[in-house]
Every structure is written in structure tokens, then in C-alpha cells.
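Student: If you're matching them up, the sequences are chains Z, X and H in order.
Its first residue numbered 1, the first sequence is counted upward by one per residue in my numbering.
Its first residue numbered 1, the second sequence is counted upward by one per residue in my numbering.
Its first residue numbered 1, the third sequence is counted upward by one per residue in my numbering.
By construction, these hints were calculated from the structure, which means they are not laboratory data.
One or more of the hints may lead you astray.
Listed below are the simulated BS3-like cross-link pairs for lysine-lysine, each with C-alpha atoms no more than 30 Å apart in a straight line [said to hold, decoys possible]:
{"id": "1", "chain 1": "Z", "residue 1": "228", "chain 2": "Z", "residue 2": "158"}
{"id": "2", "chain 1": "Z", "residue 1": "313", "chain 2": "Z", "residue 2": "356"}
{"id": "3", "chain 1": "H", "residue 1": "52", "chain 2": "Z", "residue 2": "315"}
{"id": "4", "chain 1": "Z", "residue 1": "246", "chain 2": "H", "residue 2": "52"}
{"id": "5", "chain 1": "X", "residue 1": "67", "chain 2": "Z", "residue 2": "153"}
{"id": "6", "chain 1": "Z", "residue 1": "194", "chain 2": "Z", "residue 2": "228"}
{"id": "7", "chain 1": "Z", "residue 1": "330", "chain 2": "Z", "residue 2": "350"}
{"id": "8", "chain 1": "Z", "residue 1": "202", "chain 2": "Z", "residue 2": "246"}
{"id": "9", "chain 1": "H", "residue 1": "52", "chain 2": "Z", "residue 2": "314"}
{"id": "10", "chain 1": "Z", "residue 1": "253", "chain 2": "Z", "residue 2": "202"}
{"id": "11", "chain 1": "Z", "residue 1": "342", "chain 2": "Z", "residue 2": "258"}
{"id": "12", "chain 1": "Z", "residue 1": "110", "chain 2": "Z", "residue 2": "253"}
{"id": "13", "chain 1": "Z", "residue 1": "61", "chain 2": "H", "residue 2": "52"}
{"id": "14", "chain 1": "X", "residue 1": "58", "chain 2": "Z", "residue 2": "103"}
{"id": "15", "chain 1": "Z", "residue 1": "315", "chain 2": "Z", "residue 2": "61"}
{"id": "16", "chain 1": "Z", "residue 1": "261", "chain 2": "Z", "residue 2": "110"}
{"id": "17", "chain 1": "X", "residue 1": "58", "chain 2": "Z", "residue 2": "110"}
{"id": "18", "chain 1": "Z", "residue 1": "202", "chain 2": "X", "residue 2": "58"}
{"id": "19", "chain 1": "Z", "residue 1": "158", "chain 2": "X", "residue 2": "67"}
{"id": "20", "chain 1": "H", "residue 1": "52", "chain 2": "Z", "residue 2": "330"}
{"id": "21", "chain 1": "Z", "residue 1": "253", "chain 2": "Z", "residue 2": "314"}
{"id": "22", "chain 1": "Z", "residue 1": "261", "chain 2": "Z", "residue 2": "228"}
{"id": "23", "chain 1": "Z", "residue 1": "158", "chain 2": "Z", "residue 2": "253"}
{"id": "24", "chain 1": "X", "residue 1": "67", "chain 2": "Z", "residue 2": "202"}
{"id": "25", "chain 1": "Z", "residue 1": "313", "chain 2": "H", "residue 2": "9"}
{"id": "26", "chain 1": "X", "residue 1": "227", "chain 2": "H", "residue 2": "52"}
{"id": "27", "chain 1": "Z", "residue 1": "246", "chain 2": "Z", "residue 2": "258"}
{"id": "28", "chain 1": "Z", "residue 1": "200", "chain 2": "X", "residue 2": "227"}
{"id": "29", "chain 1": "Z", "residue 1": "103", "chain 2": "Z", "residue 2": "194"}
{"id": "30", "chain 1": "H", "residue 1": "52", "chain 2": "Z", "residue 2": "228"}
{"id": "31", "chain 1": "Z", "residue 1": "313", "chain 2": "Z", "residue 2": "61"}
{"id": "32", "chain 1": "Z", "residue 1": "330", "chain 2": "Z", "residue 2": "342"}
{"id": "33", "chain 1": "Z", "residue 1": "109", "chain 2": "X", "residue 2": "58"}
Listing some non-contacts, in silico: residues in chain H with all C-beta distances to chain X over 12 Å [what the hints assert, rightly or not]:
{"id": "34", "residue": "45"}
{"id": "35", "residue": "51"}
{"id": "36", "residue": "58"}
{"id": "37", "residue": "61"}
{"id": "38", "residue": "69"}
{"id": "39", "residue": "80"}
{"id": "40", "residue": "86"}
Remember, it's a predicted structure, so these values are computed and weren't measured experimentally.
The C-beta atom is built at its ideal place from N, Cα and C for all residues, glycine as well.
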Amino acid sequence: MLPTPFLNFNKGDKSMKKLVVLGLTVLPTFLATAAMGAETINGAGATFPNPIYQQWFGEFKMAHPDVSINYQSLGSGAGVRQLTEGTVDFGASDMVMTDDQLKAMADAKKPTPLHFPTVLGAVVLTYNIPGVTSDLNLTPEAIAGIYLGSVTKWNDPKIASANPGVSLPAKDIEVVHRSDGSGTSYIFTDYLSKVSPEWKMKVGVNASVSWPLGLGGKGNEGVTGLVKQTPDSIGYVELIYAVQQKMPYANVKNASGKFVKASFTSVTAAAAAAKEMPEDFRVSITNGMGAGVYPISSFTWLLIPSEIKDPAKKKSITDFLAWMLTTGQKDCEGLQYAQLPKAVVAKEQKQIALIK
Amino acid sequence: MATSTAAVTPGTTIASKRRFGGDEVAYLVTLIFAALILLVTLAIVWQLWLHSSPAREKFGFSFLISKLWNPVTDQFGAWPFIYGTILTSFLALLIAVPLGVGAAIFLSELARPTLSNTLTFLVELLAAVPSVIYGLLAIFTLIPLMRDYIDPGIQSVLGFLPFFSGHIYGVGYLTAGTVLAIMTFPFIISVSREALMAVPREQREAALALGATQWESTFNAVLPFAKLGIMGSVFLALARALGETMAVTMVIGNDPAIHASLFAPGYTIAAVIANEFTEATGNTYLSALVELGLVLFALTIIINGVAQLLIVLTTKKGSAKA
Amino acid sequence: MTARNARRKGVNIFMLGLCAACAFVTVSTLFVILGFLVYNGATSVNLNFFTKLPLPPGQDGGGMANAIVGSAQIVLVATLIGLPIGFFSGVYLAEYGGRTFAFIVRYVADLLNGIPSIVIGIFAWTVIVVPTHHFSALAGSLALSLMLIPITARSTEQFLLGVPRSMREGSLALGAKKWRTIASVIVPAARKGIMTGMILGVARISGEAAPLLFTSLNNQYWSTGLSEPTASLPVMIFLRATSAYDDWHRQAWAAGLVLLALVLLANIAARMVISRGTSLPR
Numbered sequence: 001m002l003p004t005p006f007l008n009f010n011k012g013d014k015s016m017k018k019l020v021v022l023g024l025t026v027l028p029t030f031l032a033t034a035a036m037g038a039e040t041i042n043g044a045g046a047t048f049p050n051p052i053y054q055q056w057f058g059e060f061k062m063a064h065p066d067v068s069i070n071y072q073s074l075g076s077g078a079g080v081r082q083l084t085e086g087t088v089d090f091g092a093s094d095m096v097m098t099d100d101q102l103k104a105m106a107d108a109k110k111p112t113p114l115h116f117p118t119v120l121g122a123v124v125l126t127y128n129i130p131g132v133t134s135d136l137n138l139t140p141e142a143i144a145g146i147y148l149g150s151v152t153k154w155n156d157p158k159i160a161s162a163n164p165g166v167s168l169p170a171k172d173i174e175v176v177h178r179s180d181g182s183g184t185s186y187i188f189t190d191y192l193s194k195v196s197p198e199w200k201m202k203v204g205v206n207a208s209v210s211w212p213l214g215l216g217g218k219g220n221e222g223v224t225g226l227v228k229q230t231p232d233s234i235g236y237v238e239l240i241y242a243v244q245q246k247m248p249y250a251n252v253k254n255a256s257g258k259f260v261k262a263s264f265t266s267v268t269a270a271a272a273a274a275k276e277m278p279e280d281f282r283v284s285i286t287n288g289m290g291a292g293v294y295p296i297s298s299f300t301w302l303l304i305p306s307e308i309k310d311p312a313k314k315k316s317i318t319d320f321l322a323w324m325l326t327t328g329q330k331d332c333e334g335l336q337y338a339q340l341p342k343a344v345v346a347k348e349q350k351q352i353a354l355i356k
Numbered sequence: 001m002a003t004s005t006a007a008v009t010p011g012t013t014i015a016s017k018r019r020f021g022g023d024e025v026a027y028l029v030t031l032i033f034a035a036l037i038l039l040v041t042l043a044i045v046w047q048l049w050l051h052s053s054p055a056r057e058k059f060g061f062s063f064l065i066s067k068l069w070n071p072v073t074d075q076f077g078a079w080p081f082i083y084g085t086i087l088t089s090f091l092a093l094l095i096a097v098p099l100g101v102g103a104a105i106f107l108s109e110l111a112r113p114t115l116s117n118t119l120t121f122l123v124e125l126l127a128a129v130p131s132v133i134y135g136l137l138a139i140f141t142l143i144p145l146m147r148d149y150i151d152p153g154i155q156s157v158l159g160f161l162p163f164f165s166g167h168i169y170g171v172g173y174l175t176a177g178t179v180l181a182i183m184t185f186p187f188i189i190s191v192s193r194e195a196l197m198a199v200p201r202e203q204r205e206a207a208l209a210l211g212a213t214q215w216e217s218t219f220n221a222v223l224p225f226a227k228l229g230i231m232g233s234v235f236l237a238l239a240r241a242l243g244e245t246m247a248v249t250m251v252i253g254n255d256p257a258i259h260a261s262l263f264a265p266g267y268t269i270a271a272v273i274a275n276e277f278t279e280a281t282g283n284t285y286l287s288a289l290v291e292l293g294l295v296l297f298a299l300t301i302i303i304n305g306v307a308q309l310l311i312v313l314t315t316k317k318g319s320a321k322a
Numbered sequence: 001m002t003a004r005n006a007r008r009k010g011v012n013i014f015m016l017g018l019c020a021a022c023a024f025v026t027v028s029t030l031f032v033i034l035g036f037l038v039y040n041g042a043t044s045v046n047l048n049f050f051t052k053l054p055l056p057p058g059q060d061g062g063g064m065a066n067a068i069v070g071s072a073q074i075v076l077v078a079t080l081i082g083l084p085i086g087f088f089s090g091v092y093l094a095e096y097g098g099r100t101f102a103f104i105v106r107y108v109a110d111l112l113n114g115i116p117s118i119v120i121g122i123f124a125w126t127v128i129v130v131p132t133h134h135f136s137a138l139a140g141s142l143a144l145s146l147m148l149i150p151i152t153a154r155s156t157e158q159f160l161l162g163v164p165r166s167m168r169e170g171s172l173a174l175g176a177k178k179w180r181t182i183a184s185v186i187v188p189a190a191r192k193g194i195m196t197g198m199i200l201g202v203a204r205i206s207g208e209a210a211p212l213l214f215t216s217l218n219n220q221y222w223s224t225g226l227s228e229p230t231a232s233l234p235v236m237i238f239l240r241a242t243s244a245y246d247d248w249h250r251q252a253w254a255a256g257l258v259l260l261a262l263v264l265l266a267n268i269a270a271r272m273v274i275s276r277g278t279s280l281p282r
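One chain only, chain Z, in its complex shape (with noise of 0.2 Å):
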């Protein structure tokens, strides 16, 4: 309640005058903790690996407790939209940016950002279907299928050829994909695109498309809980989303024929079979080739603008990411994302020298 100055005038009224001192004690409280002389960093961006980020800015906070690293994990397509906007310091995707984006910061005037690989994950399928407990086996044009709205049973022979001995329902798939701009989609689209030539032509790659059918959840979170929640439904979510759920996922046979499941292993694969890795660390690695490796897999980023102005920041950010190519790798097995390769780490290390 505001304090007015004309309510003072009473002279009989107590409460008012105890309502007055209350108020100008309470409020220089607030507006004291609003003005601490902590340093917050901003980022925003991927779902995919929010986890293991919030995991990382947590430890990377008890360690050094003046500086709050808020990551909001708002998707891909926010992360690089914020960026190009300057609204945050740095963002995050599991899509590298365009040559359009980079562009279009170059034409702002802002400083190109520098892709940070940080971890290695897996996009899986995820389903939800009463009854159906083990882990079904799904092949390329099954998943192309259900997401194309070709295949719209659970008991398809797509589906059922692949796994005999299971007992599938003859109900309806519920498609569920992102309804925001996702690096996961992306992911997820390029693997679509590389193994179905129809998906190639009639809806593409990229973090949003437009979506054939199904229901949209927003961000990892949202379609990991609407695949909780809908019976029947399948979605497509980063590894440890299924996982901290208990919620299942399928086995995807990959470019050598093999029924893979995603874990650390399967992942770990697929980035030994990427063998090039390029000076700007741009590159795709789904549907890698090689008995062990999960095809839906892909390096997610950071993206860190190549000159910070405000030094104490520039100081944060360069020490968070010395610290994440050490110690941070060793959280990934617990979250059950794949650590980068060496040589990557090395090459990364080289990077972090060219933030101005």
C-alpha cells in the first residue's frame, strides 16, 4: 500500500501511520537485495541440454559464489534470437547457426559468435503405451512414417515387424513433436531427412517446421510431460528426459543395420565416427556409421560472443569455460550425455584465446 501523504493528515489514524513505517522499512530491504554487488550472467537457449547446465552453473556457482550464471532454457530458437537481440550474454543450441544469422549479427554490427561443442546427446523416442513395457525396436521408415502420418497404428507392420514377441495395441499414435523453435527438432529433422527422401521434400530440416500432425509441447519438458500424460502418444526428447521419467524409448536401427539403444556408449560412437571436425566446430552427426553408434545423435553448443566488453564477465565466461572442458566432462555419464573427444577439447581450448 502506498504511503500517501495526504492520508497523514488524521491525526487520530495509527494504522495508517503504522502502515507508513512498514513500508519504509520493508521496501529498502527489497530494493536492497535488488541492488547486491553479485554479478548475474544471462544465457538462454537449449532444452536439450538444460540438465546438465543447470547441473554445471550450479557447481560452477559454489565455487565461485559472486557469480550467478542464469540459463533460462527457453529452446534453440530463443537462444539465437536473444543473442542476435543482445538481451543475453550468451546463448545455447543444438543447431548450429546459419550463415543467414551469423550474417544478420554481422549486419547488426554485433560481435560473430563462437560455437562452443559442450556435451554430446542423444534424441530418443520416447512412447507411452499401456501395456507395452520392454523397449521396441524402430526402424527409420517407422519413425519417418508415424511422423510423416503414414503409419497411424501402434500395430502397423512397420512396427510390428520389428518386434516380434510384443503385443501392440490397435490404437491410435499420438504424434507429439515441439511446438517451439527446437535444436532438438532440428536434430531430429536432419536425421529424418538424411534416412526418409519424403520427409527431405515435404517438410525439411530445421528447428521449426511445420508439422504434419500431432500435438505440440514446449520445449524438452513439455514434450516429455505430454508424453507422460497422454496414453498411446509417442515424442522425440534428449536422452535424459526419458530417463529421469522412467519413461521408455525405443531402439533405432542405424546406417549399419543394428538396432542401437542410446546411452553414453552409443553416443561416445557416434562422435568417434565424426571423424572431421571443422575449425568453427559447425558439423552434423546423425546417422553415423558404425555397428555401436546411436544415429540420432548430436553435439549441442555454446554460443559465446567473440568480444565481451564488460571484463568481469569476459572473466567469468572464460574461467566457466576452461572449467567445463575439465571438470564439468566428468558429469556428463551421470546424465547419461557423451563427454567430448579430446581433440575436440583441445581445439575448443585454442578457441576460448579468441574471445576479445
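Chain Z is already provided as a structure; the job is to place chains X and H on it using the hints.
Tutor: Positioned in the frame of chain Z, the structure of chains X and H alone reads:
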């Protein structure tokens, strides 16, 4: 306090010198603040207009009727959202108006004054419940209820109609309409009740004297008089429903397409802005969202305007009849 | 009794019964809402909730301490901006307004009141977030204050107009200036109603999430300034409810219960202060 700039001529009293003090200041101060309201509202319109210009220039009027919302190809059309907004609000009114007017009749005609006041008080508290909380409840209680019981029930009886055919997800137009209906109860009930109470006693007494039952008296003698006010409440509720964001976002299903079935997922203007604003990559995308905001703004102004007009007309009419 | 009369009586009872049922259904929704919130949230409203910061996804035991304080900060600043403007505008409308200008201001205030909160959020974004290149509590506060202003203005005007003319005339007759009359006589006489309007307005804006979504955004930690993103209770409820973690769902229920309890208490207290009337502030 400003000092008088007029020269002190003989005969001028102290009082008139100080006249340029408190009153002028108070007048100016309050005037400035009141003018601020005008300025701020104009600023809102201006900013919306400004930031939607890339989309407006690119699409022109076809924005309003285009069905395509594709961020990949930079093609944006408002029609799925306008459709979803209007449909969910319409569904909300379909549910809320009969219930609300019925409740208002009970409260104004049947209930004793204390009971009526208490119950109205409780219903008006519904208006104070934040939108997120409606959404929270809808996600965990309404959606399972709709998906498992109500929607299949409706489909088994009316499934031959295109509105009730198709896949049942739990989220979708009907669920959003239901949440909106609950959110608009208080507006309809409160205003309709007042409109009914404003009808002069003579109307009821005349009807009863002629031998009508209480219902007949209410329906034939009282309701027609309160028509305008009830219409006003409907428009008020409509205006509120059109702009509702959080509760709808949580249950609409996020699908920027048009579906005939009420069980299908859809999208409203407010929901798409809430979901996609922070990630709209590219100027066209963002300005398309701002233009959607402009459309919503225009819609609510018109509906609110009609509502206010109807309510004012009722009170004038009611008092004139007395 | 003729058959026709019997039928009319039957219709009468049926329709009136239907209306009573309508009233019952609508009133009971409030209790259903409260019931679910208490049932699902009461056990989660514990010390952790009030004192701990949010934990990374998958880890149980976090809380919403920063959201509670953040909401208080944002609402406080919004109140500091919005209440004076609303109050003085209300004074203008009641005491000074010339015919046409006051009519325009009133009309525009109602317009402002009717603007969807998400559109207000867009405005705050264009005016503060874009130029400062920063999501900030201040932007959120601005958005909320824009919602507070018309509510406060109209209710202040309403209650000032409710003060009897005799008081005005008595004060003026005693030689007080107009401004002194307003300040010392009229406003204090109407203060109950004015404060009620203010409380209701503040309660209303503290539950809003839409205008905060892209203004004050959210923060995993304590906000370090008004120009930094800040966590808030309504936004947290939204994020937690739409997530997939059971622990986060429980926290959403708890937060919903706390928020609703505060809002309802404010509303009940305010309306009992007025203790007449049934008009819903529109």
C-alpha cells in the same frame, strides 16, 4: 508553490496572491497524471503499430485470412489463431451464459438477500483467481477428465458430427473453452444479477398478480428488461475470454492449424505470442507476432466498447423506468 | 387444478430448480479449485519451498524462495509506479474533470483495462527490453503498473464520488481551498474504499504471469538488481506445471496454493472493508 507573477497592485488581497498556489498545483498535478493514461495508451498503440510494420508491409491484409504459419519459409498468417481465439471464446460463452444467467436468476429472484450476497461474493472471488492457477488445475484435473470421460462420452453420442469426430487428445479447443467458461462465470453472474435486480418490482408484481408462476414472471416480465444488461455481461465475458493467455496456453495443444473437430489441438493469438515471442528468429517472425497482438488489441477494444455501451444503456433504462 | 396449470407448475419448479443447480455449480467451482490446491499442494508447502532456491531438473528438494522475493520486488515497484498515477488520475476524474476531457480519460482508462495482459507485455518489451538489451524486473514492473493504473483510477474515482456533497460544501464553507478539501476531507472520508481498490488491484497484478514472460523472464538464482531477469511466482508456476518432473509439479501446486491464498485473503479482506455492495470492479 509558485509565486504570483502579477504585479501587486493596491487593493489586491493576500488571498488572491496566493491563489496561484495550492489549487493550481493540485489541478495541474492531477491533470498530468490523468493525461498520462492517455499518453500511455497511445504509446501502446504506436509501439504495436511500429513493431509490426515488417509483417504488415510484407503481407498486407492477407495476413488476416492466410492459414499458413511457417517460420521456415517466413510465411505467416493470422487466421488459425483468430479462428482459435474466437472458437474457444465462443465455446466458453456457450457453456457459461446458460449457467451464468441461470445462476443470476437464482441469486436475484429466488435467494434471500443475505444468501444472495454471500453467494455472489463467493462467485466474484472466482474472478480474482490468477490465470496460471486455472491453467495448473486444468492440466492435472480437467485434461484427464476430458480425455478419459467427457470427450469419449460426447463422441459416443454426437460423434457423427464433424465437431465431435476425430482423435481425442485431452488438450484442444473444447478443453480450452471449458476453462475459459469457468473463468468468465463471475462476470456473467455478477453483471446479469445486477441487471435483473435493476428491473423494477412492479414488473414482477404485475405478472404475479396476473397469475403467472414465478418462473413465468421471471422469464416473460423480468428477463426482457434485463436483456441489455445481460448482453453487456456477455460481451464483457467475451472480451475477457479473448485475451486470456496463461490458462489457454496450457491446454490448447499448440497447433497452428485449423481443425473442424472440437477435440483437436489448436492455437489462440494470446497463446502463440506467449509461446513463441522469445524465440521468434528473424524480423518478419517477430513482427508477425506483434501484428497478432495488434489484432487482439483491436478485437478486445471493439468488444469492450460494445459491452460498456450495453451496460450504460441498461442503467439508464433501468433508472428511467423507475 | 387443470392439466395446464399442473404443467405450468411443473415447468416452474423444474426451471427454478435448474437455476438453483446453476448457482450451485458455479459457486462450487471456487471450492473445487481450493480443494484441489489444498489436496495437492498442502503437503508441499514446507520450509524448503520458502527458503531454498530451485534445483537443476531431476533433483528433488528445491524451493521457490527467489520467486517469492522476486514477485514481491516486481509487484512493489509496479505499485510504486502505478498507484500514484492511478490515484491522482482518479482524483482528477472525480474532482476536477471537465466534461469532455474527463469522459475521454475515463473511456481510455477502461480501454487500457481491457487490453490483454500479453499485449501489455509486448509493449513493455518494446519500450524497455529492446532499448536496454536486457530482460529486467523493471520491464516486468512497468507492464504490471500499466495494469494497475486503470483499476486504481476508476475505483478511486468511484469512491471519491461517493463522498456526500455536504462534506465538500461544509469544508469549502469553512474557507478551505479546494485542494485542501480534497486532501483533508474527501480523500480521508473515502479512504476505506480507495485502499480497498488499491489492495484489489495489487492482488490482481501479483497473480499475472503473461506480462512477465518476456519482460522479467525468470532467474534460477537471486536477482541481483532491478535491471536483471527476476524469478516470479506466477511464471514459476507456469514453468513447473508444464514440466515433466513430479517434484516440480508438487512445487507448482504448492506455489499455486500460496499464491491463491494470498490473493484470496487480500480480496476477502478488502471486500469486507467495504462491506456493502456487490459491484465487481470492472
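Student: So, for every hint listed, does it hold in this structure?
Tutor: Here is how each hint holds up against the structure:
1. Z:228 x Z:158: Given pair residue 228 of chain Z, residue 158 of chain Z holds - Cα atoms ~24 Å apart, limit 30 Å.
2. Z:313 x Z:356: 11 Å, holds
3. H:52 x Z:315: 28 Å, holds
4. Z:246 x H:52: Holds, at about 26 Å.
5. X:67 x Z:153: Roughly 28 Å separates the two Cα atoms, so the pair holds.
6. Z:194 x Z:228: 28 Å, holds
7. Z:330 x Z:350: Judged against 30 Å, a Cα distance of about 20 Å means the pair holds.
8. Z:202 x Z:246: The hint is violated at about 34 Å.
9. H:52 x Z:314: 29 Å, holds
10. Z:253 x Z:202: 23 Å, holds
11. Z:342 x Z:258: Distance ~27 Å between residue 342 of chain Z and residue 258 of chain Z Cα, so the pair holds.
12. Z:110 x Z:253: 43 Å, violated
13. Z:61 x H:52: 15 Å, holds
14. X:58 x Z:103: 21 Å, holds
15. Z:315 x Z:61: Satisfied, since the Cα-Cα distance of roughly 14 Å is no more than 30 Å.
16. Z:261 x Z:110: With a Cα-Cα distance of about 42 Å, the restraint between residue 261 of chain Z and residue 110 of chain Z is violated, given a limit of 30 Å.
17. X:58 x Z:110: 26 Å, holds
18. Z:202 x X:58: OK: residue 202 of chain Z and residue 58 of chain X at ~25 Å, within 30 Å.
19. Z:158 x X:67: 33 Å, violated
20. H:52 x Z:330: 26 Å, holds
21. Z:253 x Z:314: 44 Å, violated
22. Z:261 x Z:228: With Cα atoms ~20 Å apart, residue 261 of chain Z and residue 228 of chain Z stay inside 30 Å; holds.
23. Z:158 x Z:253: 13 Å, holds
24. X:67 x Z:202: Holds, at about 18 Å.
25. Z:313 x H:9: Given that 30 Å is the threshold and the Cα spacing comes to 80 Å, the pair is violated.
26. X:227 x H:52: 54 Å, violated
27. Z:246 x Z:258: 24 Å, holds
28. Z:200 x X:227: 58 Å, violated
29. Z:103 x Z:194: 27 Å, holds
30. H:52 x Z:228: This hinted pair holds, its Cα atoms lying about 27 Å apart.
31. Z:313 x Z:61: Cα-Cα ~14 Å, so holds.
32. Z:330 x Z:342: Holds, at roughly 13 Å.
33. Z:109 x X:58: Holds. Residue 109 of chain Z to residue 58 of chain X sits at ~25 Å (cutoff 30 Å).
34. 45: For residue 45 of chain H, whose nearest Cβ neighbour in chain X is about 14 Å away, the distance exceeds 12 Å, so it holds.
35. 51: Answer for residue 51 of chain H: holds, closest chain X Cβ roughly 22 Å.
36. 58: 20 Å, holds
37. 61: The assertion about residue 61 of chain H holds, with a minimum of 21 Å to chain X.
38. 69: Answer for residue 69 of chain H: holds, closest chain X Cβ roughly 18 Å.
39. 80: Since the minimum Cβ distance to chain X is about 14 Å, residue 80 of chain H lies beyond 12 Å and the statement holds.
40. 86: 8 Å, violated
The structure does not agree with the numbered hints 8, 12, 16, 19, 21, 25, 26, 28 and 40 stated previously, though it agrees with the rest.
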